[in-house]
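I would like the entire structure built from these sequences, with the hints used as guidance.
Chain by chain, the residues run as shown.
There are 2 protein chains.
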Amino acid sequence: MSARTIVVGAGAAGIGAAGAAKAADPGGEVVVFTDFEDAAYSPCGIPYVHGKEIPDFEALFLASKQNYVEQGIDIRYTTVVESIDLAAGRVAIAGSQPVGFDRLVVCTGFDYADPGVPGSDLQGLYYVKNIRRAMEWDKVLDLVKTAVVIEATPLGLEMVTALAHRGIETHLVDPHPWALAEATDPDIVGPVQESWAEMGVKLHFNTTLERFVGETKVRAVRTSEGEIPADLVVVCTNKVPNARLAEAAGLQTGSTGGLVVDETMVTSRPGVYAAGDCCELVHGVTMVPIQGLSGSHAYAQGKVAGINAAGGHRRYQPVYVPWGMVAGKWMIGGVSFGETLATALGVPHVVGIAEGISRARYYPGVKKLRVKLLAEPGSLRLIGAQLVGQEGIKERADFLAMAVKTGITLEDLAWMENVYSPPIGALGEPIAAAAQNGLSNVAP
Amino acid sequence: MSARTIVVGAGAAGIGAAGAAKAADPGGEVVVFTDFEDAAYSPCGIPYVHGKEIPDFEALFLASKQNYVEQGIDIRYTTVVESIDLAAGRVAIAGSQPVGFDRLVVCTGFDYADPGVPGSDLQGLYYVKNIRRAMEWDKVLDLVKTAVVIEATPLGLEMVTALAHRGIETHLVDPHPWALAEATDPDIVGPVQESWAEMGVKLHFNTTLERFVGETKVRAVRTSEGEIPADLVVVCTNKVPNARLAEAAGLQTGSTGGLVVDETMVTSRPGVYAAGDCCELVHGVTMVPIQGLSGSHAYAQGKVAGINAAGGHRRYQPVYVPWGMVAGKWMIGGVSFGETLATALGVPHVVGIAEGISRARYYPGVKKLRVKLLAEPGSLRLIGAQLVGQEGIKERADFLAMAVKTGITLEDLAWMENVYSPPIGALGEPIAAAAQNGLSNVAP
Chain A
245 MSARTIVVGA
255 GAAGIGAAGA
265 AKAADPGGEV
275 VVFTDFEDAA
285 YSPCGIPYVH
295 GKEIPDFEAL
305 FLASKQNYVE
315 QGIDIRYTTV
325 VESIDLAAGR
335 VAIAGSQPVG
345 FDRLVVCTGF
355 DYADPGVPGS
365 DLQGLYYVKN
375 IRRAMEWDKV
385 LDLVKTAVVI
395 EATPLGLEMV
405 TALAHRGIET
415 HLVDPHPWAL
425 AEATDPDIVG
435 PVQESWAEMG
445 VKLHFNTTLE
455 RFVGETKVRA
465 VRTSEGEIPA
475 DLVVVCTNKV
485 PNARLAEAAG
495 LQTGSTGGLV
505 VDETMVTSRP
515 GVYAAGDCCE
525 LVHGVTMVPI
535 QGLSGSHAYA
545 QGKVAGINAA
555 GGHRRYQPVY
565 VPWGMVAGKW
575 MIGGVSFGET
585 LATALGVPHV
595 VGIAEGISRA
605 RYYPGVKKLR
615 VKLLAEPGSL
625 RLIGAQLVGQ
635 EGIKERADFL
645 AMAVKTGITL
655 EDLAWMENVY
665 SPPIGALGEP
675 IAAAAQNGLS
685 NVAP
Chain B
245 MSARTIVVGA
255 GAAGIGAAGA
265 AKAADPGGEV
275 VVFTDFEDAA
285 YSPCGIPYVH
295 GKEIPDFEAL
305 FLASKQNYVE
315 QGIDIRYTTV
325 VESIDLAAGR
335 VAIAGSQPVG
345 FDRLVVCTGF
355 DYADPGVPGS
365 DLQGLYYVKN
375 IRRAMEWDKV
385 LDLVKTAVVI
395 EATPLGLEMV
405 TALAHRGIET
415 HLVDPHPWAL
425 AEATDPDIVG
435 PVQESWAEMG
445 VKLHFNTTLE
455 RFVGETKVRA
465 VRTSEGEIPA
475 DLVVVCTNKV
485 PNARLAEAAG
495 LQTGSTGGLV
505 VDETMVTSRP
515 GVYAAGDCCE
525 LVHGVTMVPI
535 QGLSGSHAYA
545 QGKVAGINAA
555 GGHRRYQPVY
565 VPWGMVAGKW
575 MIGGVSFGET
585 LATALGVPHV
595 VGIAEGISRA
605 RYYPGVKKLR
615 VKLLAEPGSL
625 RLIGAQLVGQ
635 EGIKERADFL
645 AMAVKTGITL
655 EDLAWMENVY
665 SPPIGALGEP
675 IAAAAQNGLS
685 NVAP
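Residue numbers (the numbering used here), protein chains in the order written: chain A, 245 to 688; chain B, 245 to 688.
This list has only true hints and no planted wrong ones.
Copies of the same chain look alike in the list, so a pair counts if it works inside one copy or between any two.
Listed below are the simulated DSSO-like cross-link pairs for lysine-lysine, each with C-alpha atoms no more than 27 angstroms apart in a straight line: (1) K612 / K309; (2) K373 / K389; (3) K611 / K296; (4) K573 / K611; (5) K573 / K612; (6) K461 / K483; (7) K383 / K309; (8) K296 / K389.
Just so you know, these hints were derived from the structure itself, not from any lab. Quick caveat, the model's predicted, so the values are computed rather than measured.
This is the structure we're talking about:
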């Protein structure tokens, strides 16, 4: 009889796991449970529909339900897994019979951190996650004059940009001194903040949220710096792992609250795998567990978990976390950590900074680009990077993540070869210039 | 008394050498001789002024003559060095007294290979090089109805694109079966050729040039496939090193005709340096000497030569030659070699290919991207790559050049982390997909 793999959750990790398990063992049965009405859409696209960069939500669907049927993947929509019985090898389903499994992959994703203030049960608080809810909220946005975004997380930055782009008076409230303060330095995110100001966004940094104000529906947020009227509040607190189901079943969680997995994505229980935002992963530089990575990470982890669950052999490697996004009128990105975080973690580092350009100085569309590199003193191995510019950010972040991973040094980067062609690249590469600056900072 | 460095030539290499020599030894005298009226403009920008992407030639000037005066660099414009006397340590100047030197850097650049057919003394043959001549030719272009570009070299590709963009009926004549055949494969350059056809360009591949036809002025080119009428012919043959002056002085040239230099850019004569297109350099994969690289290479070599001439210590490393350009409606690029060249050279290789996208599938402006990777069998170290797309080509080519240089493998690339953010990067990175394809091609 064929083995049955159950995947709990149908986000990027769950879909990755289901597809990989089916591919690795085509004779096996793959059943996916999801609380939601859909699978395989891109939640990461939601802010851009709200911002009107993308015309409609339909564009975000990646594959039809029929498509999964044809792949032989059995997705049970709007089906809530209530508990997992590891000893008996079955999951309990709300309003239905339990379903047994031979292999299990837990992909239960994330929750937004509880803002922890009164009023969080009011109407008018929007947590961006599910596409059906997003479609409803999008209609609400047509009526909204003033919105407050809570916390300058990656989603917060996207939502501020989207709401401002849509013409809504937007306030950003964040307890830190600048946006994305845990990941960026002020010189990197400064241009983003200036561009928001140009777009009319009101920035409230060093400002603590105290309460959501209203009777049944939110009408303001109260902060340490006063009250801000709001027709809508978008709660963009940090992502925290949703590991409740797995934890209740006895699977081990770590310091971040995420499920502990090894490099095969197996949990503390042999044969039970996990992937995506419900897990914690090891950071390649610090070797400290981290959580809350990207959809690309979740999908890749899902594939590893699915292959291994189906009897294959694939290892997921420590993460260095290249990241990038559009915020305001800029693109920002990086890898591992910036100066602020490295200092906070006590990681010794030397810094190299350069301002460069993305094309020949005289070529139409040329954009400025600031590159900041962090290296380990002595070895000069790259340990982190940050970028702000208007093109070529994602590709450089990917490159620098590989550089961190493979031990490339400031010396290597300082004398790197680069493409020079007026419409696509300048005579000198800004990464090389930043590395040369770093070398000059450590010269004897 | 301060030492005098003479630099012969004021292109990217010469300007790089002069600036570096002055910086390394501020008390030293630096004199640059150039045949031309100007220094420090970007000849690489000329095709884009002809193509009307850039409004005027003034934009191409990088620095004013006064700027060099202020730096303490003495540039002698329209001054022809007739010979070099290494034993006496002086250069002979046309119509003037010889000038002595303590240190010499030869940066005499390139010539276009002689087309080697009758009629090459006719008027109406344009060799793109000097900005003053380009200004004159640009006026001619206003009157040209039909132009023929000879050879699908990198400049040839740029000029075909520029002339077509300007609305001139453009023919491309090349003896190879496809464009840039020594560097690319047909699947990479195919989209470029299709886009030229859409732009009205007439492509004549597998076609040998036989003669330029006309009395005093060219009116046609005769080829192995017939005669093509032409108001103008742009001769874009391969670049060959211009090492005449140095060779006559007794400096050694190599198999490519370029000056032989070691990693310090010193020639066969101690104390005499050379940089740029007049030299040959070692290719990092094959260790074979090559010549005719980019302005970025020339500038970097000039800096190394200048620093070492002034008593410093800097090494220039073997080259892996990332390249990239806009051609037709596409960007193409790569590093080291493609499948065709690797096969011709007898370099064993495995291939990985993928078609990917540059942003989320649903995000406006998303572009297709084809990635082709070549790796050494067994070790799976990357040895070459080619790319065709419409954004992110230069940055990926730079990354892959560093990957070739540092021994990164298909395994490393297959499981690389990548930035995923809908406006700037897709869920999966096309480089990773190509590497996965390569692994599947070598799987046992």
